[in-house]
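Chains as they are written, first to last, in this note's numbering: chain A, 1 to 211; chain B, 1 to 75.
Keep in mind the hints are simulated off the structure, nothing from the lab.
Just so you know, not all the hints are guaranteed correct.
Here are a few chain B residues that face chain A, going by a calculated C-beta distance under 10 Å [unchecked claim]:
no.: 1; residue: 45
no.: 2; residue: 53
no.: 3; residue: 55
Restraint ranges, calculated between C-beta atoms of paired labels, are given here [as the list claims (entries may be wrong)]:
no.: 4; chain 1: B; residue 1: 65; chain 2: A; residue 2: 209; range: 24 to 34 Å
no.: 5; chain 1: B; residue 1: 52; chain 2: A; residue 2: 99; range: 25 to 35 Å
no.: 6; chain 1: A; residue 1: 9; chain 2: B; residue 2: 48; range: 39 to 49 Å
no.: 7; chain 1: B; residue 1: 68; chain 2: A; residue 2: 9; range: 23 to 33 Å
no.: 8; chain 1: B; residue 1: 39; chain 2: A; residue 2: 182; range: 32 to 42 Å
Treat the numbers as computed from the prediction; the structure is a model and nothing was measured.
Beta carbons: idealized from backbone N, C-alpha and C, even for Gly.
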Amino acid sequence: MKEEQIEVSATTVEQAIEKAEEQLGVSRDQFEVTVIREANSEIIGTGNEETVIKVELLATQENNTQVAIETLETLLRLMEIPSTVEVSGNEARISLDIEGDDLGILIGKHGQTLDCLQYIVRLIVSQRVKTWVPLNIDVCGYRKRRYDSLDEMAWRLAEQVKIRKHSIILDPMPPAERRIIHLALTDHPDVITHSTGEGMDRRVVISFRRS
Amino acid sequence: MKELVEYIVKSIVSEPDKVSLTEESGDEGLLIKLEVAAEDKGRVIGRQGRVAEAMRTLLRVKAARNDTRVRLEIV
């Protein structure tokens, strides 16, 4: 596991920074340097006098992605699930996709197992980089397909509401899925959406917009 | 089995040195007992038990693949 903070010693500060770049595998602009002890230039070469710097990785998107990949790979290895982790998309959010054979076990009923895995990864990553990192985890594109079909379903149901002029109550869904329905219909001219119920039983209601 | 819990717990607590885990196998499969520093107990349980529940879910996936059962107890 890559450390977020290391100490490096060398003869000069510049050399120590170069050494840190190599050890961490990142460039100078991705960490912060604090000089702990600077070698006295007059006695260089005369003894053990060395320059010591402390290097702290900055919470950049690139570093966060790296930490997220390592965390997820470690969890999958410990769970003994043969798979590979790929970065999908590079928007403001970190999106990781787990690829492998027969990974339905990682998705679970209504994606509940996947939600748990994502929650644990978010928790560990946030703890390691000391800031909340928005990240999404998918398994073989499951979420993407599910979200696309929810979007399509939202429009289909909205048409029914428009024709029959009565409300439709959807099945209970997790927050991320309800959000997809709300977003899909937010600009729909004929329907409005809201949620009702508590916890695991919370459902979206699509109603006719009376003008 | 307990390595999975150990990795998760040690990554989220403030005192990783005070994490202790034991494994016992019985009729109902494996029982993992987890002990952490008093101030870390809330973190490993989580709001409405969410962290503990998520750990149990991941344990169940691993147990199912190994054809066993596993329980996690936070003492």
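If you check each hint against the structure, which ones fail? 1, 4 and 7
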